[in-house]
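One line per chain: the protein sequences are A, B, C and D, in this order. Counting from 1, position 189 in the first sequence corresponds to residue 189 in our numbering; the numbering is continuous, with no gaps. Heads up: take any position in the second sequence, counting from 1, add 288, and you land on our numbering. Heads up: take any position in the third sequence, counting from 1, add 665, and you land on our numbering. Heads up: take any position in the fourth sequence, counting from 1, add 915, and you land on our numbering.
Take these hints with a grain of salt, some might be off.
Below, simulated DMTMM-like cross-link-like pairs (lysine to aspartate or glutamate); rule was C-alpha separation at most 25 Å, straight line [what the hints assert, rightly or not]: (1) C:717 x A:153; (2) D:1000 x A:169; (3) D:1043 x B:656; (4) B:470 x B:501; (5) D:1041 x B:375; (6) B:310 x A:169.
To be clear, the hints were calculated from the coordinates, so they are not data collected in a lab.
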Amino acid sequence: MTLDYLYTLITFSNIFIILSLSLNVLIGYAGQVSLGHAAFFGIGAYTSAVLAVKFGLGYGTTLLLSVLIGGFFGFLLGLPSLRVRHDFLVLATIGLNFVVVALFKYIDFFGGPYGIIGLPAAKFFGKELGTGGYALYTAFWVVIVILLMIYIEKIYLRYGFEAIRENEDAAESIGVSVPLFKIYAFTISGALAGLAGNLWAYQMGMVFPDDFSFPVSITILTMVVLGGVGTISGPILGAVLLTFLPELLRFIQDYRLLLYGIIIVIVMMYQPSGLLGRQGILRKAFKR
Amino acid sequence: MRRLLAVLLVVAVSLAMAGVIKIGLFVPLSGIGADDGESALHGAMLAVKYVNDHGGVLGKKLELVYYDDQTDPKQSVSLAYKLVQKDGVVAVVSGSYSGPTRAAAGIYQRLKTPMVSAYAVHPDITKAGEYIFRVGTLATVQGRAGAHLAVEKLKAKRIALLVMDNDFGVSLANAFKAEAKKLGAEIVFEEKFAVGEKDFRTILEKVKKLDPDVIYATGYYFNASKIVTQAKELGIYQTIIGQEGYDSPLFIELSKNHAANGTVITTDLDRDSERPVVQWFMKEYEKEFGRPADMVAASAFDAVMILAKAIEIAGSTSKSAIKDALYKVSGIDSVTGFKHFTKDREAVREVVCQVIVGDRFHRFWVIDDPEIVTPGK
Amino acid sequence: MLRVIDVSKSFGGLQALKGVSFEVEEGRIHALIGPNGAGKTTMFNIINGFLKPTSGRVEFLGRRISGLPPHRIALMGIARTFQIVRTFPEMSVIENVLAGMGKEIYRSWGVFFKTPWNQENVKKALELLRLCGLEDLKDFAASTLPIGLQRKLEIARALATSPKLLLLDEPASGLNDQETAELAELFRKIRDFGVTILFIEHDMRFTMGVADFVTVLDYGEKIAEGKPKEVSRNPRVIEAYLGTGSEISA
Amino acid sequence: MQIVINALVLGSVYVLISIGLTLIYGILRILHIAHAGIYTLGAFLGLTFYALTGNFWLALILSMVLTGIAGVGVYSYIYRRVLSKERIVPLVISIGLFIAMQDLYRLIWGAYKKPFALDLGINDIKGKGFVITQHQILILSLTGISLILLYLLMNKTKLGKAMKACADDLVMAGALGINVERVVSFAFFLGSALAALAGVLIGVYENNVYPTMGDEVSYKAFVVIVLGGFGSLSGAVVAGFILSFAETLLVAWKGFLLPRDAIAFLVMILVLMFKPEGLFRRAST
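Construct the entire structure; sequences and hints are all you get.
Here it is as structure tokens:
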């Protein structure tokens, strides 16, 4: 079946949809720009890998703990954001990414530069999923995360987020605790990135420190912004586009990366709010 | 009517394809690993040319299908399906680094398609299963050989160790350390450095104070050229021992003030070998691609040569037959002195020690003691 | 209701407030006036918690509030608007008001379960919008409103928090005569709802017309207070205003 | 002694690269990641002209001028059009630009590392327990000269003062009749030319030039401008040296507990935690 190629791409695309939606909680909702999101992704993936390989825990447990520990580190590493703002926060999160990857590399418990290999395939009712099954399984989580996002858009949480994004002083003046809501945003974002990390670890069957390095953070941010910050459909489109683009561009072989970069520049210049952003052409086209 | 056309099309295509056997290759051609990727691609292309010039395999021509993986495991994994299922290759060569190679190895094993890794060093790659082989010398073997070179040939008693902080550097250093201690030498200094490190003076200062007999420095040619340059600057004249990571003409070019001279390395590529295939490869590579061949190119060349031989032994393009045949391949026209695979699918070959004199690699010593060069011992 | 007791504030070497004390009584429309740089906005920022006084304290309903974070103070019943309007520009008008209605929920787990869009909230929001004359614009993004209407929206949002005390920082600036007259009307309505108002203003005709009580600051010190009539005749006040070239007329 | 020299050389390069970023950030508040691509361009142009002309100084000047022009091009054709947008937009554009630039260099100059062999005919200075190579002399002296010229430019010329005014308040500067457009273009020219200088010097010093050589620079330089207090030139200069000394000394005393980059970022995060506005906050005058 040649469909496996497609299924694999869909799986990766699903994982990155979850990542970009989780980053969107931070950037789009709460206005906290992070360029270190791959760190949370990595923490989730390593949690699953360590628990599954070194402690032999089953899939359900590793999934749950990846989300919890991802959320916990989101909380922990979100604490600096209480003191550090704007561009300083962007740079602090870049730093965080480097430090986390360095720790994976330098601590033998995490396998050092070898990473951790040998995650068993995720099993459901004793059955192993094929590539198609896993694509479907990750799609299930995408749906859950989208529903969660739709839910968040309806509850007070989002109003608190929007308030601190648009004006921290005004937010405080209506009773929104800015530190508390920043921590909420980092925790939720970290937990969802942890989920993505779990899905990645079982997809690859292994984790390497470099899979979570700074360029990955850049990719996730680009997905969110290219698609449309603050919307739900935007980050999804961004993730799908940037996952499939390198494959779709294969026909130009040698100019692939060049064109990839140029496309990002052009889209952002002419669609600065993102393709599906509030003023994006695609959004307008759909409204017709 | 439409169905008939479709059938005709399929027949036509299969007739046209009948004359070729496809081998896949994934390499980084853009992004961070693009230089090694290009070498690996060129090496593989040259091997295909060599095989086809010598009559092809099973009366058919070899064809190379290659894709850029950008050193990204996402891409190497999806490419695995593409190469096997869409392009219908019968076997695959990895010309990529450890991460993408290890990630893809699991997929090739699942798809029951033989994969030969050219130069990726991660020890677990071949553990993915019975279909996954490696041409390059294991870091553990090289580390061990390096220890013999240091202690037996260079009579070192006190050794300083510089360890690159990735899988390659750490494997080499661990194997070297264990063997050197066994041989009675003492490790007087050990420190890690990052792959991208450019300034070794601080470490080298410390090494200089300890005055060891030799320095075993893991690394790639771009680290190594800085290590030797800065060592010379600081007046360190002890022999520096390197490994295949150094094995690139760029190592010599990038070192300043001819500082590379005197360095001894363990590697797979014996440039002084009289074997015709080596001479042909070195000459043809430079003619075709305008630069001297390096170890990466040689390994990719051999990976294709080994696959060609395996297909011939198998007598068919059945993937499982090719896999079985790979265990039997030996005595091929190899640039890197490949002998055969062990049952763990690691390559056995002589380890060649080369010394740099007059800004050129020369043969220095050959280690062929099976105790040392057989992986897994 | 609100007692400011001997509050001083300095920024580096600059003394913005020097031992200011005054009291806002419940049910009043209380004005805080003074020339530019007198420390009025600094005083607001201290009352609602953005700044901590260097010395002195602020009490609200008999409890010390200086040192508490602003969202706690908001919870206790002090709402405010800003000199430079700070609506939530990407939210719609009604969402701005709804966002203001969650002060108790924002500090509880309710943020994860409750939506501001319940019937009761919407009804109350529409009432507040009607009060401020914004009902017809409820679905427009706040950023599309002219500045005068954004000021009103800010007031509506502040009222949405059900405050006991409302701090308004230059509510009349940028308004035309008719809007100013409407604003005075709005002030009285708000007071009639039982909300005490403390406001900063430069428009003296408006201030003297609407305020029950006036406190005057100059160079960080309180120089006068009393009924509008009394204050406008106070020589120190006249000097302070003349010194800056501003005009005082009641 | 040797450690001090090494740290000085490393710091010099950090400083040269950071000046451009600091100027640009100071005026436009853009996180100009593609600056690292500009730096790489400088190195390649320097190498190419050196190979063509055989004259290092000529090659250096040509590279600085052309790279400076390229920098102005990046500003006027790309950034200028998105300045009014949310700040994240130029950031992402900068990322895309950097990716495209690096791949373009690969297509033009090839993927392989290229040596930049230069012998100035100066002797290495050798003292008791230390050595300063000719390339280190080159870096230290050119950085010194550049910094002096920059100081004079910023403080003694109209253009420099205009640049400072723009950095303080762009709108106000425009209102005061400063030709903002010209000043910003010049800032890009100057910053990019200095990045080219850094690129050539690093190319010579490391003896190699390659398409992805800007990767490390792309984030490292930001550490310097953060420590330097964002937009403060003197802050960036001091911070560049602080960072290089911190990295070098930590390595010398403690060995590589963590890679250099992680050390740099740890320092940065700690500084941000205690001084959220950077070490040298710009006086707002």
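Output the numbers, in ascending order, of every earlier hint that fails for this structure. Failing hints, ascending: 1, 3, 5, 6.
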